[in-house]
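Each protein sequence line maps, in turn, to chains A and B.
So for the first sequence, full-length UniProt numbering puts the first residue at 1; every next one is plus one.
So for the second sequence, full-length UniProt numbering puts the first residue at 1; every next one is plus one.
Check the hints yourself; a few may be wrong.
Unchecked claim - Example chain A residues on the side facing chain B (calculated, C-beta under 8 Å, incomplete):
1) Arg245
2) Gln310
3) Leu314
4) Val333
5) Val337
6) Arg338
7) Ser344
8) Tyr345
9) Val346
10) Pro360
11) Ala366
12) Val367
13) Ser373
Unchecked claim - As a list, the in silico EDC-like pairs of lysine to aspartate or glutamate whose alpha-carbon atoms are at most 20 Å apart:
14) Lys304(A) / Glu263(A)
15) Lys304(A) / Asp104(B)
16) Lys304(A) / Asp74(B)
17) Lys341(A) / Glu378(A)
18) Lys341(A) / Asp78(B)
19) Lys56(B) / Glu378(A)
20) Lys341(A) / Asp71(A)
21) Lys56(B) / Glu382(A)
22) Lys341(A) / Asp74(B)
23) Lys184(A) / Glu331(A)
24) Lys304(A) / Asp75(B)
25) Lys304(A) / Asp293(A)
26) Lys341(A) / Asp75(B)
27) Lys341(A) / Glu73(B)
In case anyone wonders, no lab produced these hints; they're calculated from the structure.
Virtual Cβ for every residue (Gly too), placed ideally from N, Cα, C.
Okay, here's what each chain looks like letter by letter:
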Amino acid sequence: MPELPRDSVGLVTPQTARFDDPLELACGKTLPAYDLVYETYGTLNAERSNAILICHALSGHHHAAGYHALDERKPGWWDAHIGPGKSIDTNRFFVVSLNNLGGCHGSTGPISENPDTGRLWGPDFPMVTVSDWVHSQARLADRLGIERFAAVIGGSLGGMQVLQWTLSYPERIANAVVIAATPKLSAQNIAFNEVARQAIRSDPEFHDGWYIEHDTAPRRGLKLARMVGHITYLSEDAMGSKFGRDLRSEDLNFGYGVEFQVESYLRYQGDTFSNSFDANTYLLMTKALDYFDPSAAHGGVLAKALAPSQCPFLVVSFTSDWRFPPSRSRELVDALVRAGKPVSYVNIDSPHGHDAFLMPEPRYQAVFAAFMSRVARELGLEEHG
Amino acid sequence: MRADLKLIHRWVPDGAHILDLACGDGTLLASLARHKGVTGYGLEIDPEGITACIAKGVNVIEQNLDEGLANFEDDTYDLVVMTQALQALRRPDRMLDEMLRVADEGIITFPNFAYWRHRVHLGIRGYMPVSKSLPHAWYDTPNIHLSTFNDFEHLCREKGLIITDRAVGIRDHEGHWTSRLWPNLFGEIAIFRVSRRRD
Chain A
1 MPELPRDSVG LVTPQTARFD DPLELACGKT LPAYDLVYET YGTLNAERSN AILICHALSG
61 HHHAAGYHAL DERKPGWWDA HIGPGKSIDT NRFFVVSLNN LGGCHGSTGP ISENPDTGRL
121 WGPDFPMVTV SDWVHSQARL ADRLGIERFA AVIGGSLGGM QVLQWTLSYP ERIANAVVIA
181 ATPKLSAQNI AFNEVARQAI RSDPEFHDGW YIEHDTAPRR GLKLARMVGH ITYLSEDAMG
241 SKFGRDLRSE DLNFGYGVEF QVESYLRYQG DTFSNSFDAN TYLLMTKALD YFDPSAAHGG
301 VLAKALAPSQ CPFLVVSFTS DWRFPPSRSR ELVDALVRAG KPVSYVNIDS PHGHDAFLMP
361 EPRYQAVFAA FMSRVARELG LEEHG
Chain B
1 MRADLKLIHR WVPDGAHILD LACGDGTLLA SLARHKGVTG YGLEIDPEGI TACIAKGVNV
61 IEQNLDEGLA NFEDDTYDLV VMTQALQALR RPDRMLDEML RVADEGIITF PNFAYWRHRV
121 HLGIRGYMPV SKSLPHAWYD TPNIHLSTFN DFEHLCREKG LIITDRAVGI RDHEGHWTSR
181 LWPNLFGEIA IFRVSRRRD
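Take these sequences, add in the hints, and give me the full structure.
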């Protein structure tokens, strides 16, 4: 039997919460009922004061830490930061990580059945926004008996959910950690998303989103979408040092097959993703990214939009991130300062681009751990376990 | 706490909203928050200092002072403090303008280059001064704009600033702050409290 690392939360089993209260969505539609699949790590204390909510990014899901099986090849997507003795220390905190609505990993989404029609939701699944997710997450917190999270934490699109938490439920969040995020997408960000959507929607196998009923999937489109996305997750330097201009064979072939290592890598990433992710979910999630802009209702003045927020923020960016570069985090930090809100900001030197938020890096870990220790100390959390 | 920080601690009014430029490990802000209900932000670029601030619960923003304070609005703070950083800035004069743009009052401390020990180093022995307040060698020092107590006073007068307090002290000795007896000669650390003339 393979052994799990000692600083792992170990074997974890996803759970499902069923909600029968209709959820009104920002788009005007209502979800009559829905499931949220989630995992938890650590133990909720008697005061229920040590809960942490993890919000996932574009293609993420509930499996943030630990292993589903002893022979699972890789642990959860944020295992570098969640576990006993890690930044989000499961000896102190009770961690909740869910798959968002519209997802394709167990929570209600396009691949779930639409109770009104008996068909799969498919492209009929309503567009969900960051606010909708936050409302559904608050209901999950209710279900788990969590009145107030010690911290809500997320990277990238997850960071946007954290920001929305401070605005929608300021009394239910004690600390906010926003990593490699932005208060709104730039035109360039939206442009990349649109290329991804067009790649999917123009795939002949897309069938206006009813591909499952046609017993097929727009795999080529989704693969292209992921390849483009993946380029924006890495830095030029990271790609350069990983692949350079290395060839798979010694000589040039003067053809269009895979020749450079970077081509092989991107195709592999695209193929893996297109076989495991739902295209309608990808479309939905990119729209949620595009729509997010809390300043829009306040004349574009973010500092005004931040008025309801009450809790301390930790904002983290990475020097080589060009998807949501440090300047976008600074935009949030400057607005928080203007609004007189408590915030700390660090810009971590990392060559790994946007993906740096997923990885371990000594300074990133030191800052993250220092913030979380302060959170634990102020809440009087004892270490157990 | 460092002697200059202790003096500043006494000068900062209760409940003030302040900026601490080059706040180090956040000692001053943490103590002011605890004892005087002071709010505000520290600016720092040293990674270890920043982590220490975060561990203390001090609001710290990673920001290079040479890039100015453009992200802070006019007249939004009661006070801006900058300890032991003036001499390392590319344009100390512009930072002084910036400090008094965002607040009415500023407190600045810096090593006095005219301190008698420094003069002995340079004037008699012929070497660039090295001391507790100037610990670096000439080739690796971050201090690119060293000045004296007199120099700084001159700059403030040129800018039409009001000097409400000034003192010099010895780095590790509290309670010896004075401005009476030849401060330019006997002070190792200079400390100025300045404000702008109200229009």
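Tested hints:
At its closest, the beta carbon of arginine 245(A) sits 34 Å from a beta carbon of chain B; the interface hint therefore is violated under the 8 Å criterion. For glutamine 310(A), the interface hint is violated, the least distance from its beta-carbon to any beta-carbon of chain B being 14 Å, above 8 Å. Given hint, leucine 314(A) at the interface with chain B, holds; its Cβ is 7 Å from that chain's nearest Cβ, closer than 8 Å. Given hint, valine 333(A) at the interface with chain B, holds; its Cβ is 6 Å from that chain's nearest Cβ, closer than 8 Å.
Satisfaction of the interface hint for valine 337(A) is found here, the shortest Cβ-Cβ separation to chain B being roughly 6 Å, below the 8 Å cut-off. Given the 8 Å rule on beta carbons, the hint for arginine 338(A) holds: about 7 Å separates it from the nearest Cβ of chain B. A distance limit of 8 Å between C-beta atoms decides the matter here; for serine 344(A) the minimum to chain B is near 5 Å, and the interface restraint holds. With its C-beta approaching chain B no nearer than about 5 Å, tyrosine 345(A) sits inside the 8 Å limit, and its interface hint holds.
Against a cut-off of 8 Å between C-beta atoms, the interface hint on valine 346(A) holds, since the closest Cβ of chain B lies about 5 Å away. Below 8 Å, beta-carbon pairs count as interface contacts, and proline 360(A) has none with chain B, the closest being about 16 Å; its hint is therefore violated. For alanine 366(A), the suggested interface contact is upheld, since its CB lies about 5 Å from the closest CB of chain B, less than 8 Å. Because the beta carbon of valine 367(A) sits about 5 Å from the nearest beta carbon in chain B, less than 8 Å, this interface hint is met.
A distance limit of 8 Å between C-beta atoms decides the matter here; for serine 373(A) the minimum to chain B is near 6 Å, and the interface restraint holds. A distance of roughly 45 Å separates the Cα atoms of lysine 304(A) and glutamate 263(A); the hinted pair therefore is violated under the 20 Å criterion. This hinted pair does not check out: lysine 304(A) and aspartate 104(B) have alpha carbons roughly 25 Å apart, beyond 20 Å. Taking the CA atoms of lysine 304(A) and aspartate 74(B), the gap is near 17 Å; set against the 20 Å cutoff, the hint holds.
Only pairs whose Cα atoms come within 20 Å are accepted, and lysine 341(A) paired with glutamate 378(A) is accepted, the gap being roughly 18 Å. With a C-alpha separation of about 16 Å, the suggested pairing of lysine 341(A) with aspartate 78(B) holds against the 20 Å cut-off. Taken as a hint, the lysine 56(B) and glutamate 378(A) pair is honoured in the structure, with Cα atoms around 10 Å apart against an allowance of 20 Å. With a C-alpha separation of about 46 Å, the suggested pairing of lysine 341(A) with aspartate 71(A) is violated against the 20 Å cut-off.
Distance restraint check for lysine 56(B) and glutamate 382(A): the Cα-Cα separation of roughly 18 Å lies within the 20 Å cut-off, and the hinted pair is therefore satisfied. At most 20 Å may separate the alpha-carbon atoms for a hinted pair to count; lysine 341(A) and aspartate 74(B) meet this at roughly 17 Å. The straight-line distance between the Cα atoms of lysine 184(A) and glutamate 331(A) is roughly 10 Å, inside the 20 Å bound, and the hint therefore holds. About 18 Å separates the Cα atoms of lysine 304(A) and aspartate 75(B), which keeps this hinted pair within 20 Å; it holds.
Taking the CA atoms of lysine 304(A) and aspartate 293(A), the gap is near 12 Å; set against the 20 Å cutoff, the hint holds. As the CA atoms of lysine 341(A) and aspartate 75(B) are separated by approximately 17 Å, the hinted pair is consistent with the 20 Å bound. Distance check on the hinted pair: lysine 341(A) and glutamate 73(B) sit about 14 Å apart at the alpha-carbon level, within 20 Å; holds.
In terms of the numbered hints stated before, the structure departs from hints 1, 2, 10, 14, 15, 20, listed from lowest to highest.
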